[in-house]
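K.L.:
Using the sequences and the accompanying hints, generate a full structural model.
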Amino acid sequence: MKIIPILIALALSVSASLHAAEPITLKLWPDGPPTARAPKSEATIKQIQSYGPITPTHVSDVSDPTITIFRPEKPNGASVVVAPGGGYMFLSYASEGTQVCEWLNTLGVTAVLLKYRTPTRDEKEAFTMPVQDAQRAIGIVRHHAAEWSLDPKRVGLLGFSAGGNLTGHAAWDRGERTYLQKPELDDVRGPDFIVFVYGGGFLDKDTRDGGPKFRAGFSVPADAPPAFFVVAHDDKSNPIEATMLYLEYKKHGIPAELHIMTKGGHGFGMRAAGNPINAWPARCGEWMNAMGFLTPR
Amino acid sequence: MKLLPLLACISTIASLHAAEPITLKLWPQGAPEPAGFKVEAEKEIPKKNDADVKRVTNVSEPTITIYKAEKPNGTAVIVAPGGGYGILAIEHEGTQVCEYLNTIGVTGVLLKYRVPARDKTEPSKQPLQDAQRAIGLVRHHAAEWGVKPDRVGILGFSAGGHLTVMATLHANDRTYTTDAALDVADATPNFSIPVYPAYLVTKEDTFVLKPEIKVTEKAPPMCLVHAGDDKGQTSSSGSALLYLEYKKLNLPAELHIYAKGGHGFGMRKSGLPTADWLVRVGEWMGSMGWLAP
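Line by line, the protein sequences are chains V and D. Residue 684 in my numbering sits at position 130 of the first sequence, and the numbers go up by one each step. Residue 219 in my numbering sits at position 192 of the second sequence, and the numbers go up by one each step.
Check each hint, because a few of them may be wrong.
What the hints assert, rightly or not - Covered by chain D, per the in silico footprint, the following chain V stretches (three or more residues, Cβ under 8 Å):
1) 786-797
2) 815-822
3) 833-842
Just so you know, the hints here were simulated from the structure itself, not pulled from any lab data. The beta carbon of each residue, even a glycine, is placed where N, CA and C say it ideally should be.
P.N.:
Next comes the structure, spelled out in structure tokens:
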């Protein structure tokens, strides 16, 4: 019988071509991350459980963070690192992750899905490790720019909820980086533009002495990257935060766009829930286009 | 037979006339003007070129013009053009807006308010009288025009955006004697759409709202539209700050600030995302339930 080897050959060639189109995944820290996560507290374990079972689209316990590269058919040179939300407890990996990457690909944008260290609720600051992961991810993207047909000056960062918090820190914090920089993997520059989707965490929770204000020590720097903010009006204090951040951009004269739709709540991601806000990817694509990020230079 | 083409022709003219917008005077007995105010003849300043806008000035007989939708859904929007309380950009911030509203079943009500300003220290005084009266008239004619009296909104541009905000937040602060046949006791619009509103912020600090821009629990839902590169007295900070006042009181509100677009884009086609602002406004109205019959 000669048919079996032929079938095997056929199967191999099919899988080879599938693999060529499959997104590639890279470890952010080939020698292991700079710091290990603390063991989860009972409270964190309980809270994570309250959000439902861990599945491939609802990821947690990420100790060896990665990026997965979704390449469009015709790359226009722009890339966007995508940080899912999940309260620094889990990652909403489909509707705030893979589906976002697939949409970005339709715009010709190379999408880089960031699977950052989670949970980090028991660390001193929940965002520290995720921000290290984002910084390293942007560095790796810039180092691979030529290989992936990317413009190293059009690398964006897009995050949802806790991923928005991560995005803000990566874009606006101006202190020293918190890990040892490797010249072949890191880059001193932050993102070239950001998309902040129902993010938060920059306001002082204590409002006893008057209206909302930023956390002590926080400010939007004068060299902040252009930003696109989108949030629903009925999403607790998140629209206040986005508006206050917008006003800081305006004071600096840095281009920013802000869409607050009346209805939508929190955490809708790429879901088609039938509210005008669910067309936010279209608005975001129009903004990227108007800003020139989709045009090869 | 030569009669048929003639009949067809006549019926076409008749139907065209039926669709013509009707115009009503806001003040059949004459508008309340300051003592000694001199009336100059209203004049239209045509466009100088394609990039220019059509202007109207010396309006002393303010009117509303009703653009009826083919299939009215019961919602009406009063449209207040901009023009710095000096002129009215009557076309790209007026008639064209009404025509678009008709395509989504909304009755457009073009407000030709009094300009130029009678009193430079309070340029919105007479325009606010006109807006309050316009809301009264629309509600009085609601049944006749297929409009629901509780679905009357107001939309305005620049100075007309300021007027929109004033008509929303100072709906019943009257500076004229009301007439029960023409006014309504409560002239609060049912919703409000300021588009790149002017004069919301102080001259000294464009990140501070003027004291009269004060939101109360009575304020109806609002949708603000602005371009982020709008500056000075028309800075987008005004819309952001006004949005925050709504949010603080937990009143329904929506805010669209585009990165680019400048001031006065109105219905102009530009290829920028701002060119679709009225589509966004229509989506908002739909989400609020105002486009359903």
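K.L.:
It remains to establish, for every hint, whether it holds in the given structure.
P.N.:
Results for each hint:
1. 786-797: Three-residue rule met by the segment 786-797 of chain V, so holds; n is 4.
2. 815-822: Coverage by chain D holds here, the residue count being 3 at a Cβ distance below 8 Å.
3. 833-842: With 4 residues closer than 8 Å to chain D, the segment 833-842 of chain V meets the three-residue bar; holds.
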